[in-house]
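Enquirer: Chain residues, written in single-letter form:
Protein chains: 2
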Amino acid sequence: MASTDTVKLADYLLTRLLQLGVQSIFGVPGDYNLRLLDFVVPAGLHWVGNCNELNAAYAADGYARINGLSALITTFGVGELSAANGIAGAYAERSPVIHIVGTPPRPLQDNRALMHHTFADGEYKRFAAMSKHITIAQTELRDATTAPERIDWILQQALIHSRPVYLEFPDDMPHVLVSSERLNTPIKASVPPSPACESEVINRILERIYSAKQPAILVDGESKALGIVDQLDTLIQSTKFPTWTSVWGKGLVNESYSNVYGLYAASFGDKPAQEYFESCDMVLTFGPHYSDTNSYFEMAVPMPAAAITFRDSTIQVGSDIYRDISPFRVLSAILTKLESARISTAQGPPKQVVTLDDIKSTDLVAQKNFFRLVNPLFREGDIILAETGTAAYGGRHFKLPPKSRLFTAVTWLSIGFMLPATLGTALAKRELNKPSGTRNQAILIIGDGSLQMTAQEISVMIKEKLDILIIIINNEGYTIERVIHGRKQAYNDVPSWRNTKALDYFGADEEAVKENTFTARTVGELQDVLKNERVKDGKGVRIVEVFMEREDVQEGPLLWVLNKQLAEEEAAKSA
Amino acid sequence: MASTDTVKLADYLLTRLLQLGVQSIFGVPGDYNLRLLDFVVPAGLHWVGNCNELNAAYAADGYARINGLSALITTFGVGELSAANGIAGAYAERSPVIHIVGTPPRPLQDNRALMHHTFADGEYKRFAAMSKHITIAQTELRDATTAPERIDWILQQALIHSRPVYLEFPDDMPHVLVSSERLNTPIKASVPPSPACESEVINRILERIYSAKQPAILVDGESKALGIVDQLDTLIQSTKFPTWTSVWGKGLVNESYSNVYGLYAASFGDKPAQEYFESCDMVLTFGPHYSDTNSYFEMAVPMPAAAITFRDSTIQVGSDIYRDISPFRVLSAILTKLESARISTAQGPPKQVVTLDDIKSTDLVAQKNFFRLVNPLFREGDIILAETGTAAYGGRHFKLPPKSRLFTAVTWLSIGFMLPATLGTALAKRELNKPSGTRNQAILIIGDGSLQMTAQEISVMIKEKLDILIIIINNEGYTIERVIHGRKQAYNDVPSWRNTKALDYFGADEEAVKENTFTARTVGELQDVLKNERVKDGKGVRIVEVFMEREDVQEGPLLWVLNKQLAEEEAAKSA
Numbered sequence: 001m002a003s004t005d006t007v008k009l010a011d012y013l014l015t016r017l018l019q020l021g022v023q024s025i026f027g028v029p030g031d032y033n034l035r036l037l038d039f040v041v042p043a044g045l046h047w048v049g050n051c052n053e054l055n056a057a058y059a060a061d062g063y064a065r066i067n068g069l070s071a072l073i074t075t076f077g078v079g080e081l082s083a084a085n086g087i088a089g090a091y092a093e094r095s096p097v098i099h100i101v102g103t104p105p106r107p108l109q110d111n112r113a114l115m116h117h118t119f120a121d122g123e124y125k126r127f128a129a130m131s132k133h134i135t136i137a138q139t140e141l142r143d144a145t146t147a148p149e150r151i152d153w154i155l156q157q158a159l160i161h162s163r164p165v166y167l168e169f170p171d172d173m174p175h176v177l178v179s180s181e182r183l184n185t186p187i188k189a190s191v192p193p194s195p196a197c198e199s200e201v202i203n204r205i206l207e208r209i210y211s212a213k214q215p216a217i218l219v220d221g222e223s224k225a226l227g228i229v230d231q232l233d234t235l236i237q238s239t240k241f242p243t244w245t246s247v248w249g250k251g252l253v254n255e256s257y258s259n260v261y262g263l264y265a266a267s268f269g270d271k272p273a274q275e276y277f278e279s280c281d282m283v284l285t286f287g288p289h290y291s292d293t294n295s296y297f298e299m300a301v302p303m304p305a306a307a308i309t310f311r312d313s314t315i316q317v318g319s320d321i322y323r324d325i326s327p328f329r330v331l332s333a334i335l336t337k338l339e340s341a342r343i344s345t346a347q348g349p350p351k352q353v354v355t356l357d358d359i360k361s362t363d364l365v366a367q368k369n370f371f372r373l374v375n376p377l378f379r380e381g382d383i384i385l386a387e388t389g390t391a392a393y394g395g396r397h398f399k400l401p402p403k404s405r406l407f408t409a410v411t412w413l414s415i416g417f418m419l420p421a422t423l424g425t426a427l428a429k430r431e432l433n434k435p436s437g438t439r440n441q442a443i444l445i446i447g448d449g450s451l452q453m454t455a456q457e458i459s460v461m462i463k464e465k466l467d468i469l470i471i472i473i474n475n476e477g478y479t480i481e482r483v484i485h486g487r488k489q490a491y492n493d494v495p496s497w498r499n500t501k502a503l504d505y506f507g508a509d510e511e512a513v514k515e516n517t518f519t520a521r522t523v524g525e526l527q528d529v530l531k532n533e534r535v536k537d538g539k540g541v542r543i544v545e546v547f548m549e550r551e552d553v554q555e556g557p558l559l560w561v562l563n564k565q566l567a568e569e570e571a572a573k574s575a
Numbered sequence: 001m002a003s004t005d006t007v008k009l010a011d012y013l014l015t016r017l018l019q020l021g022v023q024s025i026f027g028v029p030g031d032y033n034l035r036l037l038d039f040v041v042p043a044g045l046h047w048v049g050n051c052n053e054l055n056a057a058y059a060a061d062g063y064a065r066i067n068g069l070s071a072l073i074t075t076f077g078v079g080e081l082s083a084a085n086g087i088a089g090a091y092a093e094r095s096p097v098i099h100i101v102g103t104p105p106r107p108l109q110d111n112r113a114l115m116h117h118t119f120a121d122g123e124y125k126r127f128a129a130m131s132k133h134i135t136i137a138q139t140e141l142r143d144a145t146t147a148p149e150r151i152d153w154i155l156q157q158a159l160i161h162s163r164p165v166y167l168e169f170p171d172d173m174p175h176v177l178v179s180s181e182r183l184n185t186p187i188k189a190s191v192p193p194s195p196a197c198e199s200e201v202i203n204r205i206l207e208r209i210y211s212a213k214q215p216a217i218l219v220d221g222e223s224k225a226l227g228i229v230d231q232l233d234t235l236i237q238s239t240k241f242p243t244w245t246s247v248w249g250k251g252l253v254n255e256s257y258s259n260v261y262g263l264y265a266a267s268f269g270d271k272p273a274q275e276y277f278e279s280c281d282m283v284l285t286f287g288p289h290y291s292d293t294n295s296y297f298e299m300a301v302p303m304p305a306a307a308i309t310f311r312d313s314t315i316q317v318g319s320d321i322y323r324d325i326s327p328f329r330v331l332s333a334i335l336t337k338l339e340s341a342r343i344s345t346a347q348g349p350p351k352q353v354v355t356l357d358d359i360k361s362t363d364l365v366a367q368k369n370f371f372r373l374v375n376p377l378f379r380e381g382d383i384i385l386a387e388t389g390t391a392a393y394g395g396r397h398f399k400l401p402p403k404s405r406l407f408t409a410v411t412w413l414s415i416g417f418m419l420p421a422t423l424g425t426a427l428a429k430r431e432l433n434k435p436s437g438t439r440n441q442a443i444l445i446i447g448d449g450s451l452q453m454t455a456q457e458i459s460v461m462i463k464e465k466l467d468i469l470i471i472i473i474n475n476e477g478y479t480i481e482r483v484i485h486g487r488k489q490a491y492n493d494v495p496s497w498r499n500t501k502a503l504d505y506f507g508a509d510e511e512a513v514k515e516n517t518f519t520a521r522t523v524g525e526l527q528d529v530l531k532n533e534r535v536k537d538g539k540g541v542r543i544v545e546v547f548m549e550r551e552d553v554q555e556g557p558l559l560w561v562l563n564k565q566l567a568e569e570e571a572a573k574s575a
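In order, the protein sequence lines correspond to chains A and B. Here full-length UniProt numbering is used: the first residue of the first sequence is 1, the next is one more, and so on. Here full-length UniProt numbering is used: the first residue of the second sequence is 1, the next is one more, and so on.
Okay, chain A solo, but in the shape it has when bound:
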């Protein structure tokens, strides 16, 4: 065998991460990952020490949604299990997080030693077995010969599937020398070769596009995982077809185009849009994800006969499913061949206009006016995050400026997620913008109940000097649960915190403690707060606490379930 250059295994992994655009790693130190952590900063990566591992996983998920890939390092057992819910969420919503677990040194594992962070029974494969259910691929580094290939394979799996993967890195292996040869070959998400049917599919779709009388485009969130977001932008511009998104698809589409309508909410949205959409003869549907919460209980799913649907490696036209085909390549071919002259001009439904006319400054801030008041804050490129709860149901109707991204409740809906995710997205954005120095603002809207789940991560936002505006909806508990069930039940209450003390407790500097916290109960107060330069365009973490009523929800699904509950209460009374 020819001699090759060598590299330490930890450096091999970190070099690969750098090659793939990862600049920061999230996690918490622990007994079995310290030797690996020694390599992080010298390799040129930034280490974000989170307050706990669930927060770290959430932050890594957020980072991957902006950056395309992220890495999380936890320790065996205690660390990785704390992160499990965050990893599962990344699976559900297709965020490629590399979960690297520092495991006990190989000799201890081989001897079945009764180490701490185990059940003291010699069993070391329990937690890896658990990870199989919430990651798309798993591997274990065991020797110098196979380790580089295993690292390459696991990273590629994350890219191909856009889902989290699990990598066991024994504590005695960071210094192990391995061949650096493979580092010269970049890792890419591979695409299947063209199947025989490919040109048939392309032509068939083109014909449908040309013959469509009432066409539409529906962009759902898995389009991101398909790698077709830029192509969709071209498609939307060149066809001028009326375009909607799902809840998850929002923020993947430029809402300033005249043919983009924003969210399609079926019977929960405006009637003209629903009438148009439901009588379409063709809906080009990308990256569909039909969970109850992302599809309005499947009501926002296009009619099967009209739908042409692009999924991971299938394209469906009517009832024909073409498999092992690349949506990216097919869409590229369509865009290349598309003859604009043959597309009929589609007359979409009238657009709904949102006005602020009916809001008086003495009104209490309420769900029906809050989101309209906040919306003008957002500027080009901002990241807007609306946590599961009333924030998500209001936030999905935001009108988004170009190049902004919106993150909101899709399917996993783990409350507490959005605050650390904000940290991750804001950090990724700043790194990608470097060194241009443009505005890097993230705006989080979160309820008081969700906030309590992961509040400590505010201290890491402060430490990282990120520009983040946190708007807290304080309605004294889990309003979303109240409207679903248990309207007056104490179990939907949360402890009363003094949210205006957060910056002080979590260690912000004195100026920030004095100047960066705001509260509002009335529309007038909120309007004043929103005019403040620190709120609009400030530095560091700023907090705005807005008080709303306990059972106040927007029109839409939440009001519908609340009314259902009220009707059941009435029926029970009269029974």
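Hints are computed from structural coordinates only; laboratory data are not their basis. Be a bit skeptical, because a hint or two may be false.
Any copy will do: because identical chains look the same in the list, a pair fits if it lies in one copy or spans two.
Derived DSS-like pairs (lysine-lysine); straight-line CA-CA distance at most 30 Å [unchecked claim]: (1) Lys271 <-> Lys514; (2) Lys8 <-> Lys564; (3) Lys463 <-> Lys514; (4) Lys368 <-> Lys188; (5) Lys368 <-> Lys399.
Keep in mind that this is a model prediction, so the values were computed, not measured.
Keeping the supplied structure of chain A fixed, place chain B upon it in accordance with the hints.
Expert: Same frame as chain A, now just chain B:
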């Protein structure tokens, strides 16, 4: 079939929990458990809404360690996975927690509906499969006929094994009517019938007791799960044998008896104890748990020839292992038959005396003086909790008053555990003492890094009006990790919090905010603080922040690993 009385399934479960002494339930509401939560308070149980599910699991673990059993309710997917690390810790350290997961209604599961809190792929058994690795038994309620039996079975498994169990409770089942017949038969942890060898074992152990020239008793933590703690008290009093405990066994033995020496630390403890212990001809060993951290890297394990070892359903004498035998019954028989006159008087080693002589009030507070200064705070019946980290290594040497309990780092060592566990233990203690109104004080000693993991649970302590003293060791990060590895590495730092603002942020009343927070940097300051009535015997949550040096650790294993690291650094420098 004869007609029987009926009861709603939720009431069946809650009645069983009440019968078994559970008075409070921990958890977080979620979409799939709200209908079950409706029954909690009407059934006469207290609902503790925690800030997040990991905190809830930790609190339930703590509650079970005092109460003998606890219950935790989470929601499917997002909730249960957040709790996973807490459940795993309960498994490792034998805490019987009933983890009840509210799952989606049966029709949705049967239809493989693409609901939120799933991966939107129709698969509903993923998280239950994960639970198999971290609970001792699992079951799913599916129909009215079998549900009561399954509940009884799962509760019995928790009692038999003293480990957590997993129960899936579909959201459409709380109101289902089931037979109440089984409720008349109490659930008990069953014991195996006497094997033929039982009298031989009893006699053999009695003979060894009578013939022992240099006997000792070693009480380890699994003795609690064996249900023999009261019998051990009798054994220790009637034999007068020199008695030690492991780290985990501390707090199960009355340390005010003259023959009780406290912790056995092998070469890390005092020499006379080690010399005596290592030359014993008999060590009666109860509930052994030989993880590296609980056994001083196995150095504190008795010599095999001397050991007579009581485990779950085995007793080992020399190399003979008697299986399927009840340690409880054997120990009962031994105590009944024991003839005090035939026991030779054992002369134990001299006892180490801890003095405060060498501490000056101008000294900085340091690990070597801190624990001695704090120790006099503890009074009969107190619960003392020393979190993983330097607190655990110092706390294991506390001299404990009668009927107090000590909880410290055993095997799972998940930092962040001890704060919510404090909530759970304090609540259980108050309920068990009711209505006597005696002192119910819990004293938590915790590092600043651990605190940040789960700090929000302070707000639940406040809401529950528990009497808890929190002593924070602020040494600017993970000192225990610094001494293990990465002494000067930034990854062992944590964000700087203003810990004195915690009570204000977490919603304590104004008097508490003003009066219940203390700080100390010098011995004199700490002594003053410890004299304060609010600290010694106060109501509600009080916080004492004590500052120590970043690399300050006690003599013992931590100093040993720190010195090893320093030597390696020296060697690297001169290499």
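Enquirer: Now look at each hint and say whether the structure bears it out.
Expert: So, going through the hints one by one against the coordinates:
1. Lys271 <-> Lys514: neither (48 Å within a copy, 57 Å between copies)
2. Lys8 <-> Lys564: between (62 Å within a copy, 24 Å between copies)
3. Lys463 <-> Lys514: both (17 Å within a copy, 28 Å between copies)
4. Lys368 <-> Lys188: Neither, since 46 Å and 55 Å both go past 30 Å.
5. Lys368 <-> Lys399: within (15 Å within a copy, 61 Å between copies)
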